[in-house]
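Q: Chain by chain, the residues:
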Amino acid sequence: MFDASGALKPLIHSVPLVAGCLALLFVIAVTVGAAPKSQIPSSRSPAAQEPITPIPPAPDTDPLKLALGERLFADPRLSHDGTLTYSSCHDVHSNGADSKRLRTARDGSVMTFNIPTVFNAALSFRLNWEGNVRTLEDQSESSLENAANLATNANEVLKKLDADPEMVRQFSQAYGGPPDRTSLLDAIATFERSLLTPGSRFDRWLSGDFVALSPEEQEGYQLFKSLGCVSCHQGVNIGGNLFERQGIFHPLASPPPEIVRVPSLRNVATTPPYFHDGSAPTLEEAVRRMGNAQLDQTLSDAQIKAIVAFLDTLTGTYRGAPVTAASP
Amino acid sequence: MKVTPAAATIPILLLALSWLAFRAVDPEAERFDRALKALDRFTLMEIALHRDVLSARAGMLRNYDPLVRELNALRDALGRLRDNVSGDPEEAAAIDGFAAAAARQEELTEKFKSDNALLQNSLAYFRLLSAGLSTSDGSNPLAPGVSALTAAMLQLTLDTSSAAARDVAERLNGLASQSFPTNGAASVRALLAHAGLLHDLLPATDGVLRALLAAPSQAELKTLRTMILERQAQSRATARKFRFLLYAASQVCLGSSPTSDFGCAREPSHCGAALPSSI
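If you read the sequences in order, they're chains A and B. If you count by this note's numbering, then the first sequence holds residues 1 to 328, one letter each, in order. If you count by this note's numbering, then the second sequence holds residues 1 to 279, one letter each, in order.
Watch out, some of these pointers could steer you wrong.
As the list claims (entries may be wrong) - Using C-beta positions, here's what the derived DEER-type ranges look like:
1. 103(B) with 173(A): 33 to 43 Å
2. 248(A) with 185(B): 16 to 26 Å
3. 22(B) with 166(A): 45 to 55 Å
4. 139(B) with 248(A): 23 to 33 Å
Claimed, not checked - Think about it this way: if two alpha-carbon atoms lie no more than 20 Å apart in a straight line, the pair counts; the simulated SDA-like pairs of lysine to any residue are:
5. 111(B) with 222(A)
6. 100(A) with 244(A)
7. 111(B) with 249(A)
8. 225(A) with 65(B)
9. 111(B) with 131(A)
10. 225(A) with 227(B)
11. 222(B) with 84(B)
12. 111(B) with 278(A)
13. 225(A) with 312(A)
14. 225(A) with 127(B)
15. 225(A) with 309(A)
16. 225(A) with 60(B)
17. 111(B) with 160(A)
18. 222(B) with 97(B)
19. 225(A) with 123(B)
20. 37(B) with 79(B)
21. 37(B) with 192(B)
22. 111(B) with 223(A)
23. 111(B) with 138(A)
24. 111(B) with 226(A)
25. 111(B) with 305(A)
26. 111(B) with 190(B)
27. 111(B) with 130(A)
28. 37(B) with 76(B)
29. 225(A) with 97(B)
30. 225(A) with 131(B)
31. 225(A) with 201(A)
32. 222(B) with 234(B)
33. 305(A) with 222(A)
34. 305(A) with 226(A)
35. 225(A) with 124(B)
36. 111(B) with 312(A)
37. 225(A) with 132(B)
38. 111(B) with 322(A)
39. 160(A) with 181(A)
40. 111(B) with 181(A)
Note that these hints are calculated values from the structure, not bench results. Here the structure is a predicted model, which means the values were calculated and not measured. Positions of the beta carbon are idealized from the N, C-alpha and C atoms, including for glycine.
Bound conformation, chain B alone:
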């Protein structure tokens, strides 16, 4: 059986059209969608984490399990993101930067949890001890000093500036320099110990909170999202180009057939089969 040159070109044409069809469907589309979904999930969890650390600081959230769940969800989203990157070094570097920022966020959250637990504990103690020592019946000579310290501490819980901390330190020193009554010495020493801790912890904890809420991961996240969106747009543009090429090749295929006015009329399966329904 003799194979004509025209027949010999059919497999080549089929291969070429198949390749064009494959490139035209944007094979990277799902990867980009999954990566963006992981970024969205990360953003949502980060918002929830920030809400919960603020609630915990205010004493409205009294257990840390939600923070643990949110940190786990952030790690999970980061893992999904890593699963959906290409081998592109620029993309990998952006994710590494993002992961480092997320790790820093986790570290700050752990620091916050530890500090806040002590803070809430010492605040409760300070309230109990100061209430017991600041009786107004004149029997306790330390009562004015305790009241002054309590007022300064109240201010420090609202405003952790260095001026407010200095004011607490002065009241603390003033109280510590007084002689303690024999029967209440242990309470005064405990009050001073917890007040000293609060003096350090209140500004430190708010500093951790500020660092956490400043969220360096947001900048990294924005960079990464922009990069993925740009790559997605490039991938879509390439797919559009290949769809056009596929369309043009199909037209050429139809027009160049010598056997029919409609090109593929005699062997419709050769050309028609390669045309994707999406065109």
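Just chain A, same shape as in the assembly:
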């Protein structure tokens, strides 16, 4: 005879298993549904096909280290005579740089290079115009020790910080001990890694917001690609990921160095003057000279206007506010 209870036994036993699987599927569905969509460019968004990708969110960071790094960034004790800070050259309340063509060094001489912005520096493969520094920690130490900049060294700074109980307390909370060279440089680099400027209109367009750019700006982007600017200015930082010779067809700026790290074009509308010697006061002039020197092209006024319109869309936000040009 057919034993109904025997036939049902396996089914009855499998009920918890089925329920478990359904619960797991539910959890997966909820997790996937809750994933931040802006980080995953859909295949229909331009980002999937374009040579430029949107700026990612700033990395998750220990808030204590971040706060300490921010404080150190603006602390005059990080210069030999207490008159300069990192933010003296890199104003994060405006464009992450300054407005000067070339700064004057402590000895009265004129510095060789225009100050590059600290915004999105963490996304570049090398730092400085010459690209001779690999990490933000090394860059921080180099600035500390540069006689033209902060003109000090880690030991001198640590002595000053050790004498400040509040600073020692902050270091202990963030790093579990008193200030030392490693934690000092790490705190500054941690803050600098947070200096990303997402949310530009171009990034929104890349992420699928097709009305974020006007037709003229889109035309400027197409020109930027078809004229070959994008061969060097590509990737997440629109540059900053390769070295290139400057002045390929005609002279561009001061001759040395012949090879420069291609600068990022993020926030470029807010960071005049341009080139490593700061010799181009406006974006229009910079575009015209780049066309001539690097592409052997005399760009028309209409082409320059369209490309500048596109470049204007690369201005992002820091802490929710648009990046702005530095005060003269």
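Position chain B relative to chain A; hints supplied.
A: Positioned in the frame of chain A, the structure of chain B alone reads:
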């Protein structure tokens, strides 16, 4: 309290058995595993790098961020490898050789990126300019020369041999020797400039690619992997030897006890505690 000679030997036996047990567990095993894992990671990243430089050369990869990430991963793997070497000079020398090959690879990749950016740019320009100058309505006397140069350049993009480069040079010289029409002189000069650049860059870039893909690091990597595997095998053999010694010592310990037929029956903790469960 009087200590018997038999009791006095117990601490010595415990020490000896502990030492044997320590040597028997192959204390170097994890270091070798980590070093081999770093080598595997390096190999994987190198394959990805080679795939991406080829994609970039073909115009399929239009940004260099993946190359940067792969080079960083190679450096990271190299750092892990260095963290897991012994103080052995032969091993250190092999890693130095490997690191030098990896540095050369990075240098070639940077050269490739710079050259390829110019190459892609000039190719795009060459296409635009030659299309504008090679009209077939007979209005441009330079059109045949431009078409001939375009055909030769197309060949050079596929075959960067010296014969193909020579052919481009001849077409370039032929076009340059003609008189330019007043209204299109700037375009012709730009075409010649980009074509001249391509004439140099196409063979040079492929030369860099060939050097990169020949991957001298592969030979260094093979040497290093062989060395690590040999050391790992030696370390395992030594550990096996000590496991056998530990087993033999335990047997002697059990058999030589005068108090019991089973040696440690009266004081099992003295001998039994030193026996690792793995035996």
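Q: Please go over all the hints and tell whether each is borne out by the structure.
A: Going down the list of hints, with the structure as the test:
Checked against the hint of 33 to 43 Å, the C-beta distance between residue 103(B) and residue 173(A) comes to roughly 40 Å, which is consistent with it. Between residue 248(A) and residue 185(B) the C-beta distance comes to about 21 Å, which sits within the given range of 16 to 26 Å. Here the CB-CB span from residue 22(B) to residue 166(A) is close to 48 Å, well matched to the stated 45 to 55 Å. Range check, residue 139(B) to residue 248(A): Cβ separation about 31 Å, and the 23 to 33 Å hint holds.
About 27 Å separates the Cα atoms of residue 111(B) and residue 222(A), which puts this hinted pair outside 20 Å; it is violated. A hinted pair counts as satisfied when its Cα atoms are at most 20 Å apart, and residue 100(A) with residue 244(A) does not qualify at roughly 25 Å. A distance of roughly 19 Å separates the Cα atoms of residue 111(B) and residue 249(A); the hinted pair therefore holds under the 20 Å criterion. Between the alpha carbons of residue 225(A) and residue 65(B) the distance comes to roughly 17 Å, so the proposed pair stays at or under 20 Å and holds.
For the suggested pair residue 111(B) and residue 131(A), the alpha carbons sit about 14 Å apart, so the restraint of at most 20 Å is met. For the proposed pair residue 225(A) and residue 227(B), the alpha carbon gap of about 49 Å is over 20 Å, so the pair is violated. A C-alpha spacing of about 17 Å is found between residue 222(B) and residue 84(B), which places the hinted pair at or below 20 Å, so the restraint holds. Annotation: proposed proximity of residue 111(B) to residue 278(A) is violated, straight-line Cα distance about 26 Å (limit 20 Å).
With a C-alpha separation of about 16 Å, the suggested pair residue 225(A) and residue 312(A) falls inside the 20 Å cut-off, and the hint holds. For the given pair, residue 225(A) sits about 14 Å from residue 127(B) by alpha-carbon distance, which is consistent with the 20 Å threshold. With a C-alpha separation of about 14 Å, the suggested pair residue 225(A) and residue 309(A) falls inside the 20 Å cut-off, and the hint holds. Proposed proximity of residue 225(A) and residue 60(B) is supported: the alpha carbons are some 15 Å apart, at most 20 Å.
For the proposed pair residue 111(B) and residue 160(A), the alpha carbon gap of about 44 Å is over 20 Å, so the pair is violated. Distance hint between residue 222(B) and residue 97(B) is fulfilled; the C-alpha atoms sit about 12 Å from each other, no more than 20 Å. Only pairs whose Cα atoms come within 20 Å are accepted, and residue 225(A) paired with residue 123(B) is accepted, the gap being roughly 13 Å. Taken as a hint, the residue 37(B) and residue 79(B) pair is honoured in the structure, with Cα atoms around 12 Å apart against an allowance of 20 Å.
Proposed proximity of residue 37(B) and residue 192(B) is contradicted: the alpha carbons are some 51 Å apart, above 20 Å. Distance hint between residue 111(B) and residue 223(A) is unfulfilled; the C-alpha atoms sit about 26 Å from each other, more than 20 Å. For the proposed pair residue 111(B) and residue 138(A), the alpha carbon gap of about 24 Å is over 20 Å, so the pair is violated. In summary, the hint linking residue 111(B) to residue 226(A) is not supported, as the alpha carbons are separated by about 23 Å, beyond the 20 Å threshold.
A distance of roughly 33 Å separates the Cα atoms of residue 111(B) and residue 305(A); the hinted pair therefore is violated under the 20 Å criterion. Taking the CA atoms of residue 111(B) and residue 190(B), the gap is near 24 Å; set against the 20 Å cutoff, the hint is violated. Proposed proximity of residue 111(B) and residue 130(A) is supported: the alpha carbons are some 15 Å apart, at most 20 Å. As the CA atoms of residue 37(B) and residue 76(B) are separated by approximately 12 Å, the hinted pair is consistent with the 20 Å bound.
A hinted pair counts as satisfied when its Cα atoms are at most 20 Å apart, and residue 225(A) with residue 97(B) does not qualify at roughly 42 Å. For the hint linking residue 225(A) to residue 131(B), the alpha-carbon distance of about 18 Å falls within 20 Å, and the restraint holds. Annotation: proposed proximity of residue 225(A) to residue 201(A) holds, straight-line Cα distance about 18 Å (limit 20 Å). About 18 Å separates the Cα atoms of residue 222(B) and residue 234(B), which keeps this hinted pair within 20 Å; it holds.
A hinted pair counts as satisfied when its Cα atoms are at most 20 Å apart, and residue 305(A) with residue 222(A) qualifies at roughly 13 Å. For the given pair, residue 305(A) sits about 15 Å from residue 226(A) by alpha-carbon distance, which is consistent with the 20 Å threshold. Using a Cα cut-off of 20 Å, the hinted pair residue 225(A) and residue 124(B) holds, with the two alpha carbons roughly 10 Å apart. Among the hinted pairs, residue 111(B) with residue 312(A) is inconsistent with the structure: their alpha-carbon atoms are about 31 Å apart, more than 20 Å.
A distance of roughly 18 Å separates the Cα atoms of residue 225(A) and residue 132(B); the hinted pair therefore holds under the 20 Å criterion. This hinted pair does not check out: residue 111(B) and residue 322(A) have alpha carbons roughly 36 Å apart, beyond 20 Å. Straight-line distance between C-alpha atoms of residue 160(A) and residue 181(A) comes to about 13 Å, which keeps the hinted pair within the 20 Å bound. Pair hint residue 111(B) plus residue 181(A) does not hold up; C-alpha atoms about 35 Å apart against a cutoff of 20 Å.
Hint violations for this structure: numbers 5, 6, 10, 12, 17, 21, 22, 23, 24, 25, 26, 29, 36, 38, 40, all remaining hints satisfied.
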